[in-house]
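Under UniProt numbering, the residue at position 146 of the sequence shown is numbered 146, and the numbers go up by one with no gaps.
A hint or two may mislead.
[Said to hold, decoys possible] List of simulated lysine-lysine pairs, DSSO-like, C-alpha gap at most 30 Å:
#1 326 x 739
#2 773 x 708
#3 129 x 172
#4 751 x 731
#5 537 x 66
#6 82 x 524
#7 524 x 705
Since the hints were made in silico from the structure, they are not lab data.
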Amino acid sequence: MSDETVRFSVVCAMFQAMLRDRSSAKKRKHLRTFLDRVFTARDRYFAALRLILPGLDRERGTYGVKEHALAACLVDALGISKDSEDAARLVNWRKGGPRSGANAGNFSLIATEVLQRRQGLASGGLTIKELNEALDQLASRESRGEKASVLSDLIKKTNSTEMKWILIIILKDLKLGISEKSIFHEFHPDAEDLFNVTCDLKLVCEKLKDRTQRHKRQDIEVGKAVRPQLALRVSDAATAWKKLHGKQVVVECKFDGDRIQIHKNGSDIRFFSRNFLDHSEYAPGMSSIVQHNILIDRCILDGEMLVWDTSTNRFAEFGSNQEIAKVAREGLETDRQLCYVAFDVLYAGDTSVIHQSLAERHALLQKVLRPVRGRLEILVPDGGLNNSRPLGEPCWSVVANTLDDVERFYKETIENRDEGIILKDLGSKWEPSDRSGKWLKLKPDYIHAGADLDVLIIGGYFGSGRRGGQVAQFLMGLSDSSTPDTHPRRFISFCRVGSGLSDEELDSLVNKLKPYFRKNEYPKKAPRFYEVTYNSKERPDVWVDSPDKSVILSITSDIRTIKSEVFAAPYSLRFPRIDRVRYDKPWHECLDVQSFVDLVHSSHGTTQSAQDRGTLQEHSKHEKVSKKGKNKIHVVPPHLTKTDISGIKEETLIFTDMMLCIRLFCQHSIILFHRLFSQIGAENGGTFSMNLNDSVTHCIAADKKGIKYRAAMRHGDIFHYSWVLDCCAQKRLLHLQPKYFLFVSESSKKKFQEEIDSYSDYYYWDIDLSDIKQIFANMAGSGGSSDLSRHQNKYCPSKRWRLLQDCRIFFHEASPDMDADHRAILQLALRRMKLEVNWHGGQVSGDLSEPPTCCSPGERRLLHSRRLHVVDHSWLEESLVNEERLPEDHFSLRPDTFEGFEKTRYCAIWEPSAANLETFLLLFLSSVVRWFGGLLRSRGGGTQEEGGGDARPAARRTRRRMVTSAAKVHSGEWEGDDILHVAEEKRDSVDDPLPAMLQLPSLQGNRSPSPAGGAKRKVSYKEAAAQLLGDP
1 MSDETVRFSV VCAMFQAMLR DRSSAKKRKH LRTFLDRVFT ARDRYFAALR
51 LILPGLDRER GTYGVKEHAL AACLVDALGI SKDSEDAARL VNWRKGGPRS
101 GANAGNFSLI ATEVLQRRQG LASGGLTIKE LNEALDQLAS RESRGEKASV
151 LSDLIKKTNS TEMKWILIII LKDLKLGISE KSIFHEFHPD AEDLFNVTCD
201 LKLVCEKLKD RTQRHKRQDI EVGKAVRPQL ALRVSDAATA WKKLHGKQVV
251 VECKFDGDRI QIHKNGSDIR FFSRNFLDHS EYAPGMSSIV QHNILIDRCI
301 LDGEMLVWDT STNRFAEFGS NQEIAKVARE GLETDRQLCY VAFDVLYAGD
351 TSVIHQSLAE RHALLQKVLR PVRGRLEILV PDGGLNNSRP LGEPCWSVVA
401 NTLDDVERFY KETIENRDEG IILKDLGSKW EPSDRSGKWL KLKPDYIHAG
451 ADLDVLIIGG YFGSGRRGGQ VAQFLMGLSD SSTPDTHPRR FISFCRVGSG
501 LSDEELDSLV NKLKPYFRKN EYPKKAPRFY EVTYNSKERP DVWVDSPDKS
551 VILSITSDIR TIKSEVFAAP YSLRFPRIDR VRYDKPWHEC LDVQSFVDLV
601 HSSHGTTQSA QDRGTLQEHS KHEKVSKKGK NKIHVVPPHL TKTDISGIKE
651 ETLIFTDMML CIRLFCQHSI ILFHRLFSQI GAENGGTFSM NLNDSVTHCI
701 AADKKGIKYR AAMRHGDIFH YSWVLDCCAQ KRLLHLQPKY FLFVSESSKK
751 KFQEEIDSYS DYYYWDIDLS DIKQIFANMA GSGGSSDLSR HQNKYCPSKR
801 WRLLQDCRIF FHEASPDMDA DHRAILQLAL RRMKLEVNWH GGQVSGDLSE
851 PPTCCSPGER RLLHSRRLHV VDHSWLEESL VNEERLPEDH FSLRPDTFEG
901 FEKTRYCAIW EPSAANLETF LLLFLSSVVR WFGGLLRSRG GGTQEEGGGD
951 ARPAARRTRR RMVTSAAKVH SGEWEGDDIL HVAEEKRDSV DDPLPAMLQL
1001 PSLQGNRSPS PAGGAKRKVS YKEAAAQLLG DP
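Could you build the full structure based on these sequences and the hints that come with them?
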C-alpha cells in the first residue's frame, strides 16, 4: 500500500496509540508496524515520513502561520463570526478562565473542541497523498483568504481528530514522546548518519529503501547542508580542563552571532544555518566578498555571521544581523556591515577534509581563505583576527598549555563582554551533530557569575502545554525611587522571566497572587503605577492589581545586559531565571532603576560585582544587591550631582531667562556631558536644571531613545544639543530651525502651523543638507511591499484590474497637419486608450522627461537597468483583449541597440508615419537630453568635408555640460539640419552597423540645401544619442 491508498486516519490512529503508550519500546513498535505492514510501498516512504517528521521536511516551503494566524484562518474557514465565543477561544487560546476549559494553552485541543461541533464523526477518506497536496497548496498560498480556502477543503474531508493532527503537523509540534533518533533507527539503522551529512529527508528515503541492507557511510557534499558539530556545556574552567587533560587544546572566543555554513560551488554561494535553513538574505551583502576571497572553486566553511561596526572597529551586539542584511539588500550605506568569521573548513577542492585533525584544518583554512578586514575573517590561534586586533586588546584564539591559560583567557572574554569561550581538541576530527566532548563551551551564566537582583512582579503571562491557562511567566519591574525614605510610587517594566522554579513553587506563588490578578484588556492602559512601553512582546495577560500585594523574586542571568527596546527600563537581562522567591522581603525594598543602572555602568555593561570580576570561584557566595535587615543607603549617582560652576566667568547673555534641562542618556561619558553643558550654560548666562519641571523652558536631548526621552515628550518640545553648541559658537541665539527639533509638541504645531509643515520644515527659512536629513528623519516610513501586496489583493482581486501596474505610458500623437475631423477622432481614440490605461492600473504621462518619485539607491540601480519601450498602439489593444501584458519586443518601433539611458519605466505609444518621423526623432532625442539635465542648442554654419570647397567651419568637439537646473531647448527654429549637425561632430571611418531603415533617409531628402561642396552623410540614432549624452 502507498500514499495513494493509505488513509490519513490510519496515521492518526498510530499517533493516538503512540501518545497513549508511555513505554518507548511500545512507541517504536507502533511505528515499526506501520512501516512494515501498512505502508509497504518502499519507494514512497517520503510521503509518510514527512508527516511524522514535519520539522525536517525542506521540500515543502514554510506555511507562514503560527497559532494566532492559524486561528484567524480557521475562523474564516469555518465561516463563524469574529465576535462569537468560539472565535474568541481560538484567538485567545492561551488564556484561561471559566469558559476555556482544561485545554487552555493547547491550540490543537482548543481547535478540536471548536471543530467537534461542526464536523461529523466519520472520516472523509482523506489519503496521505491528498493531504500532502493540500499542505503544498497551503504553503504556496500567501493571503489569509487563500489559506482559509485550503483549510476549508480539508475540514470537509476530515473529522475533528484528523484535523487536530493536521494542525499539529502545520505547526510542526508533533510531540509523541519518541525522539527523532529513534524514528530514524526504526526506519533504517543508517538513516540518522545519512541525514546528518545531507539534511535531506527525501534523499534519505530514496537511498534507504531496504532496511536489511546497510548503506556505506556518505561523505559531505558541497551544496547540501550538514548538521554542525556541537559543543558540550561545562560549568567551570577546571571541569573543562579535566575533560581535555593530556590533549593539545585551543581556546576560542565564543561569538554571539548566527552559526552559518558557507558553501561555494563556483559562482553559486549558499548560506546554511545550524537548522539547515538556506539564509539567502545574506547573499546580497556577502556573496561577492566570498566569491573573490575564497581562493578555490569548491569549499565549505564553518563559522559565525556577525555585524562589524566600522565607526568603532568592533563587532556589534547580537540581534542586528537581519537588519543589516536588509540594508545591504536595499543598497543603503551604513556604518555597520555583515562580517563572517570562519573557524573551520570542511571541504576544499574536490575532497572532504572533516577526517583531518583540527590543527590541519586550521592550516588549510589560512591557505584557501584571504581575510578582508571587517568582512571576512579567520579565527585561528596563529594569525587571522589575532593579527588585526588593536594594541593591548586580548587575543581571539590561543593555544592553552595550562589551566591558568584557560582561566586567564576566560576572564579577558568576560571583561570584554563576549558570550563565553570554546575549548577544542586540536587533534579531533569534525563530526556532524556530535556533542561527545571534543568541543566544550563555557559561558558566564553557567557558573552563576551575575549578581542576584531582587525585583517585583507586576504582571503575568499564560503558559502553553501543561501550563496552559495558568500564569507561567512573570513581568518584572524596578522601582522608581525618586524620593528617599519613602515607598516607591512607580514601577518600570524590566524583564520577563519564567524558568527556575519547580511546579510546586510556581503553583504556590501563583495561588498567592491569583486574588490580585487583573485581566489586561488591551488597548486599555496599564495601572497608573506601572510604566511600560506597550510593546507587543512586553504586554502581559494579567496585571498585579497593586504593587503592595505583589511578591519580590530574586533573579539571576547572563552577566551581560542588553539595551532595552521592549521594556521601559534602559537595560534588560539576557536569559533571566528565578533563583528564589523572597516572601520574607517587603514589596518596597525591591531594586530601583538608578541602582541597577549604576551597577551596569560600574561593571562596564555587566551585572557582575567587583569581587566576582577579580576572582573565578565556582561556589563563591555572591553578595546580594540588597540584604535583609540592612537599610539602603541612598547615594546620589555622579551624573545627577550638581556641577560646581562657582569659578566660571560669564562671557555672553544669550541664554538669559532660560532654564535648560539636559535629558542626555548616553552609555559613554554621561557625566562628562552634564558637566560640559552646565559649564556652557554658566558661561552664556543660562541656567540648567537636573529635573524636568514646569520652570524648564528648553529640553535638550541627544537622540530619540530611552525612558528619559519618552518622559520628556509629555513635557513639550525637545531640541538637539547641537543647538546649544551652535549658539555658543556664533555668540548669538539662533532661530530654532528644523534640524534642531527632535520632537515637536502638539501646542507648538498649532503655534507654528503658519510657519512649518507637519515634518518641521519651515516655509520661509532656507535649509541646508542637515535640515533635509532631519526632515526625512521626522517622516514616518511608508508601508513595505507586503502591505502593498495585501492592499492590491484586497482591492484589486482580479488580475485584469492591475494589468498595467508599474507602467507609465506616454502617448505620442500623430502628425499635426491633419484636418479637424481626423484630429477630433484621434483625440477621442486617445482619450479612450488613456482611460483604459488608468482603469487597468497604469499611469499616463504627459511628458517623456517627467521625473520619477524618490527611491532608495538599491531601487535606483534597478531602475537604471530598465529600458524605454517604444511600441505600436496595437500592443495596448492586444494586451487588453488577451487580458495579459504582452511582451513589448513584438511591437517595438525602436532599434534594440540604443538602450539603458532611461531611469524609470515608460512605454511610449507612437503612430508611425513618414511625415512625422523627423518630429518624433526631435522630440525623442530632446527628451533624452532633458531627462539627463543637459542643454540642447541649435547650431548654425556650414560643414567642412574632405574634398569640399566652400564649407562652413568644422564643429568644435566639446562635451555637453550636464547641469542640475531645468533642461532647456533653444527657442530658435529647429530644422532637419540641426539634428544632423549634432551628429556631424563625431565621424567614423567604418560603415554604420544599424539597418538601412534607421539611417534616416527621409531626413536626407527633406534636408535644407547645404553650401556647395558639402558632402552629405547618413546619421544613426546611436551617433546622435552618443553626442547628446556627451560620450567622448
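Going through the hints against the structure:
Under the criterion of a C-alpha separation no larger than 30 Å, the hint pairing residue 326 with residue 739 is consistent with the structure, at around 27 Å. Simply put, residue 773 and residue 708 have alpha-carbon atoms about 24 Å apart, close enough for the 30 Å limit, and the pair holds. Taking the CA atoms of residue 129 and residue 172, the gap is about 18 Å. The hint holds against a cut of 30 Å. At roughly 27 Å between alpha-carbon atoms, residue 751 and residue 731 fall within 30 Å of each other, so this suggested pair holds.
A threshold of 30 Å between alpha carbons decides the hint, and for residue 537 with residue 66 the separation of about 15 Å falls inside it, so the pair holds. Annotation: proposed proximity of residue 82 to residue 524 holds, straight-line Cα distance about 20 Å (limit 30 Å). Restraint check for residue 524 and residue 705: satisfied, since their Cα atoms lie roughly 24 Å apart, inside the 30 Å limit.
In terms of the numbered hints stated before, the structure departs from none.
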